[in-house]
Structure formats: C-alpha cells, structure tokens
Amino acid sequence: MLQEDAEGCLAQQREEWEVLESIYPECTTTDFVEGATLKLEIPVELPAARIFTISAPPEVASGTSAPKLATSLSMLPPILLHIMLPPTYPASSPPEINFLHSTHMWFPHLKSLHETLMSMWQPEEGVLYNWVDHIKSGQFLDYIPSSSSDDDIELTHHAPPTLLAQLQAYQSAALTSQFSSNSYPCAVCLTSLKGAKCLRLACDHIFCRACLEDFWKLCIAEGDVGRVGCPDPACVKDNREAEEEEVARVVTAEELARWRWLREKRDLEKDPTIIHCPIATCQRAIPKPKDILDPSSGWDRFRSCPSCSFCFCAFCKRTWHGPISHCPISVSEKIVREYLELPEGSPERTALERKYGKGTITKLVATWENELANQKWIQDSTMACPGCRVNVEKSLGCNHMTCSKCSQHFCYRCGARLRPENPYEHFSANPMSKCFGKLFDFKAEDLEWQPDGFILVD
Numbered sequence: 001m002l003q004e005d006a007e008g009c010l011a012q013q014r015e016e017w018e019v020l021e022s023i024y025p026e027c028t029t030t031d032f033v034e035g036a037t038l039k040l041e042i043p044v045e046l047p048a049a050r051i052f053t054i055s056a057p058p059e060v061a062s063g064t065s066a067p068k069l070a071t072s073l074s075m076l077p078p079i080l081l082h083i084m085l086p087p088t089y090p091a092s093s094p095p096e097i098n099f100l101h102s103t104h105m106w107f108p109h110l111k112s113l114h115e116t117l118m119s120m121w122q123p124e125e126g127v128l129y130n131w132v133d134h135i136k137s138g139q140f141l142d143y144i145p146s147s148s149s150d151d152d153i154e155l156t157h158h159a160p161p162t163l164l165a166q167l168q169a170y171q172s173a174a175l176t177s178q179f180s181s182n183s184y185p186c187a188v189c190l191t192s193l194k195g196a197k198c199l200r201l202a203c204d205h206i207f208c209r210a211c212l213e214d215f216w217k218l219c220i221a222e223g224d225v226g227r228v229g230c231p232d233p234a235c236v237k238d239n240r241e242a243e244e245e246e247v248a249r250v251v252t253a254e255e256l257a258r259w260r261w262l263r264e265k266r267d268l269e270k271d272p273t274i275i276h277c278p279i280a281t282c283q284r285a286i287p288k289p290k291d292i293l294d295p296s297s298g299w300d301r302f303r304s305c306p307s308c309s310f311c312f313c314a315f316c317k318r319t320w321h322g323p324i325s326h327c328p329i330s331v332s333e334k335i336v337r338e339y340l341e342l343p344e345g346s347p348e349r350t351a352l353e354r355k356y357g358k359g360t361i362t363k364l365v366a367t368w369e370n371e372l373a374n375q376k377w378i379q380d381s382t383m384a385c386p387g388c389r390v391n392v393e394k395s396l397g398c399n400h401m402t403c404s405k406c407s408q409h410f411c412y413r414c415g416a417r418l419r420p421e422n423p424y425e426h427f428s429a430n431p432m433s434k435c436f437g438k439l440f441d442f443k444a445e446d447l448e449w450q451p452d453g454f455i456l457v458d
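The numbering of the sequence shown is the UniProt record's numbering, which starts it at 1 and goes up by one.
Treat the hints as calculated values from the structure; they're not laboratory data. Any given hint might turn out to be false.
[Claimed, not checked] Think about it this way: if two alpha-carbon atoms lie no more than 25 Å apart in a straight line, the pair counts; the simulated BS3-like pairs of lysine-lysine are:
hint: 1; residue 1: K394; residue 2: K358
hint: 2; residue 1: K265; residue 2: K217
hint: 3; residue 1: K363; residue 2: K405
hint: 4; residue 1: K363; residue 2: K334
hint: 5; residue 1: K288; residue 2: K197
hint: 6; residue 1: K288; residue 2: K363
hint: 7; residue 1: K270; residue 2: K358
hint: 8; residue 1: K376; residue 2: K290
hint: 9; residue 1: K270; residue 2: K237
hint: 10; residue 1: K265; residue 2: K394
hint: 11; residue 1: K334; residue 2: K358
hint: 12; residue 1: K355; residue 2: K334
hint: 13; residue 1: K376; residue 2: K405
hint: 14; residue 1: K217; residue 2: K290
hint: 15; residue 1: K405; residue 2: K270
Turn these sequences into a full structure, and let the hints guide you.
Structure representation (structure tokens):
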C-alpha cells in the first residue's frame, strides 16, 4: 500500500470519527488514536414503543409452563461495540469488531448482528455512522426470529423476571435523563426551563417546580386538598388530582404527611359507614369492612382501629364480643329507638341503614322488639326472688314461695322476704298489709265454676 494511500485512509478515519463524535457524542467513549481500539456505547432509542416478550430459552423452560412476560419499551440498554480500524480502511478493508456485547445481556442474537454489520461495509466508503444509526434506531431488532405473526419482539433470557425489571428500570432512568436535558415552557410563569427544574405530571402537562411548589403548598396549608393537582384548565375542569409520588417530589415531608391526612379525612367524611374509635385518646375514623359477603353474619359490626389496634363492636362500642353474642340491650335500644322514631323512607333512616347495614338494623329491631315483649311478660307474669333475683312464675298454689336456687322464702304477691320458721305470719299478722289474708289468690273465673248440685254460700 502506497504511503499516500495510507495517509489518505488515516485522514478519512480521523474525519469520520470526528463527524461521529459531533453527531452522536453520547455514543463515543474514546478519542481517536491510530491503530488503537475505539469504543462505542450505543443506546437503542426506538421511534415508537414496541411490545417485548421475554421467555426462558427452550433448554431452561423444558418441563415448565412459565408464561411469557411482556412490556412496552422505547428505550433499551446500550450495545457495546469495540472496533479497530485497519490501515487500509475504508479503501479496501472493513473495520474489525473485537468486542460486541449487550448491557444486561438483553440481546441474545449478537452473532447475527455481527454478520449484519460486516455486510454493510462497501469498499471506499465509511461505515461507522451507518453502524451506529442501525443500532441506535433499533433496525437490527427486525431481524430477530419470531414464532408469532404479530409485531412483538421476542427475547430469551435465563431469568425473564430479572431482565424485565432491568429493562423497565433502564427505560425509566433514560426517560428521566432525556427529560432533564431538554427545555420546556411552564404554562404558569411562561418561562422556558430545563426539565431538571420542571415536573411532568401523569397527564403529560409540564410545569416548573417553583410554580407547583407555591400553588400546592398554599392549598395544603389552607386544607384545600382537592386543588392539589394539575393547574391546566382541562385538568382543573376534570378535577384531576395529583398522585402521591408527584406531590412527594414537590413538597416537604411534613406537608406530604398533612396532604395524606387531609385526603384521608375527606374520603372518610364522604363514607356514611364511618365509625370513630371509642378510645378517647385515639378517635380514628374507621370505615366499614368491604370484604363482608354476608351482612347477616354479624361480622359487619366488627371494627379494628388501624391506629391503636383496638377491636370493637360498631354498635355498642365495646371490646369485640364476636359475631354471635348480642350487644347489651341498653346499647342497642338507643340505636333502635332512634331508627324507629324516624319516618319510614326518610334520609335519616337511610343514613342509619348505610352506616350499620339495612339487614343488621332490621335484625336488631326484631331482636329488640322480641326482648321488649319478653321483659313485659316477665314484669307482668313473674316475681323476682329477693335473694338471687331469679324471676319465678307461679302456676298454681299459695303465695308462699321457696326459691329453688337460693332457698329464700318470699311472698309472690309483694316480693317480701319471709321468715323460714314461720313464713305464713306475713299473710295473717298485720291486718293493714296488702297481703293480709291473701295466702291464696282466686281469680273471678276460678269462682264461677261449681260442680252440679252445689250452691256457693258466701
């Protein structure tokens, strides 16, 4: 090879590398040195997002039914390319590829890529720009063999979940870096700022952090949590609120905690099933459990405070007594009386039914009415033993009673205690007593019947 030809090739190589550095500065990691290895780190940036499916290779997946993992990606980890330019490049020799590798080993068809790159060289023509463009634009992905007829790109990896997480993490970081390096106009202050000083919301509207910080902090301080969102008129009209991750990137930790509390307070106040924790030092608002399938099971009365862990009954506010045991009648009576005093179909009645459950309220009313009838019958038809307070019903006989539980002698008419040695003096000793001469009680109907042939004599 003539000296002037060698110098011409070297000049072309240097010029080609300088052009490559000016167009793709992020891809060139070394300076040009004659005869040295030149290193390229080429990130893959697709024109549009595509679906990637990741599965284990056949030798690993044999005997298993692991599903394919799919994700949408537009940015992929770099392809590392180490080349050396021979003295006769680009006149009569192609570049020599010494090292070809994909970060995280996400691309398994490196041999096919190597062959494709070598076939792109033509004598007397530089090929480095074409190589970088071919890889950076993702054109090489079209040559990946596919077992399906759709446009999905199939990748194989010995640990698909690991590769999926790595690809998604890389794309997230790449998009953040790309956003930070570009400039965007803020629709509030009308200033063009770098992305590092801006925030892209989930609705894709972009505002500078300073404007969002002033606006959101004011809303949080005033308790107007519903306005902590995108300031764009269209989003304001749709009442689009900011997500927690977005708020956390703008305000302080104390303001974020207040924002969370305000949102929780607002959501709980809208819930008609809210019950406040009965612990005086807690008072946390607790919603009705959402996983109760059978409202009549009794578990819809169960509440567990997330703040103090106190488990209690929503009706009686006492420690949880299980779904079967009834609340004390004095407690349920207040709820039932309040419910029955309201007009049927009234909004107040409906609110109580939503708060405690209509089926539960109906069951509680029936239980209370039955209990009320029992108490009335006990009061009208029995007498409590003055010793143990057990209610006793007399079917027949005299009014001198002896309790079978505590052996207390007492009068069935007035409930007074009687002396065991002479219990009958209570009915004969004091003429002024209302029980005087009333050892037996006769009803009018008992005196009406007489056997045939007899006459009742007064």
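The hints, checked one at a time:
Only pairs whose Cα atoms come within 25 Å are accepted, and K394 paired with K358 is rejected, the gap being roughly 41 Å. As the CA atoms of K265 and K217 are separated by approximately 18 Å, the hinted pair is consistent with the 25 Å bound. For the suggested pair K363 and K405, the alpha carbons sit about 34 Å apart, so the restraint of at most 25 Å is broken. A C-alpha spacing of about 15 Å is found between K363 and K334, which places the hinted pair at or below 25 Å, so the restraint holds.
Of the supplied pair hints, the one linking K288 and K197 is violated, its CA atoms being roughly 43 Å apart against a limit of 25 Å. For the hint pairing K288 with K363, the CA-to-CA distance comes to about 18 Å; that is within 25 Å, so the pair holds. In summary, the hint linking K270 to K358 is supported, as the alpha carbons are separated by about 19 Å, within the 25 Å threshold. Using a Cα cut-off of 25 Å, the hinted pair K376 and K290 is violated, with the two alpha carbons roughly 39 Å apart.
The suggested pairing of K270 with K237 holds, with an alpha-carbon distance near 21 Å, which does not exceed 25 Å. Of the pairs offered as hints, the one joining K265 and K394 is violated, with about 59 Å between alpha carbons and a cut-off of 25 Å exceeded. Proposed proximity of K334 and K358 is supported: the alpha carbons are some 16 Å apart, at most 25 Å. Between K355 and K334, the direct Cα distance comes to roughly 15 Å. Compliance with the 25 Å bound is thereby established for this hinted pair.
For a cut-off of 25 Å, the pair hint linking K376 to K405 stands: about 23 Å separates their Cα positions. With a C-alpha separation of about 33 Å, the suggested pairing of K217 with K290 is violated against the 25 Å cut-off. The straight-line distance between the Cα atoms of K405 and K270 is roughly 54 Å, outside the 25 Å bound, and the hint therefore fails.
Violated hints, listed in ascending order, are 1, 3, 5, 8, 10, 14, 15; each of the other numbered hints is respected by the structure.
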